[in-house]
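Position chain Z relative to chain C; hints supplied.
Sequences listed follow chains C and Z, in order.
According to our numbering, the first sequence is numbered sequentially starting from 695.
According to our numbering, the second sequence is numbered sequentially starting from 695.
Hints are computed from structural coordinates only; laboratory data are not their basis.
Mixed in with the good hints there might be a few duds.
Since the list gives no way to pick one copy over another, a pair counts as held whenever it fits inside one copy or between any two copies.
Unchecked claim - Mimicking BS3-like on lysine-lysine, the simulated pairs with C-alpha atoms at most 27 Å apart in a straight line are:
id, residue 1, residue 2
1, Lys-792, Lys-725
2, Lys-789, Lys-777
3, Lys-754, Lys-725
4, Lys-754, Lys-797
There are 2 protein chains.
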Amino acid sequence: MTTSNELPYYAVIFTSLLHLPDEEYHGLDEKLILEAKKMDGFIGMDSARSLLGISVSYWKTLEDIQIWSQNTQHIFAKEKGKKLWYESYNVKICKIEKEYSFKR
Amino acid sequence: MTTSNELPYYAVIFTSLLHLPDEEYHGLDEKLILEAKKMDGFIGMDSARSLLGISVSYWKTLEDIQIWSQNTQHIFAKEKGKKLWYESYNVKICKIEKEYSFKR
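Excised from the complex, chain C in its bound form:
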């Protein structure tokens, strides 16, 4: 569960419904996290899937998100996603303005 002390920061909320996920799809999250960790401004990523999948990646600035959108691996995933993996997806870019946590 990603947290950050420094507000504001930015999130990309990616929601998706699957079409034809193949073996490559199942390694996708790990592969993209490894790749994102090489980028400036990457804070972390949270993922979960029921029928709907939600992945939220967190970034220091909007510019970091813009640069990430041009990453080769990321572009490959988006193209393969449209061709095969996803029935539909939605991407929301947002600014995180407040945050609080509970821990037992």
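This is chain Z only, laid out in the frame that chain C set:
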């Protein structure tokens, strides 16, 4: 998968790890959506759970989120959540600035 044409709007990203979810917990999302639908400014909610759970609710304004935080059912869920359901959780309030979608 929630979308909105009118930008900006707002999201509450709720991530959680479970402690002791009981029967009441398993009806929680549906119950909270029914309750949220009665509130001004509610747009929709997306939920998924793997080990980590992610629920994102969408609202027209920050004030709508503030009023929702005082809703009786919502307060009950937060208290029961701390007592029993959650090992930990994190809440992020954010402003959605851009959005795009793909549909096969």
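Evaluated hints:
1. Lys-792 x Lys-725: Result: close only across copies, 25 Å inter versus 30 Å intra.
2. Lys-789 x Lys-777: neither (30 Å within a copy, 31 Å between copies)
3. Lys-754 x Lys-725: The answer is within: 21 Å in one copy meets 27 Å, while 35 Å across copies does not.
4. Lys-754 x Lys-797: within (24 Å within a copy, 29 Å between copies)
When held up to the earlier numbered hints, the structure conflicts with hint 2 and nothing else.
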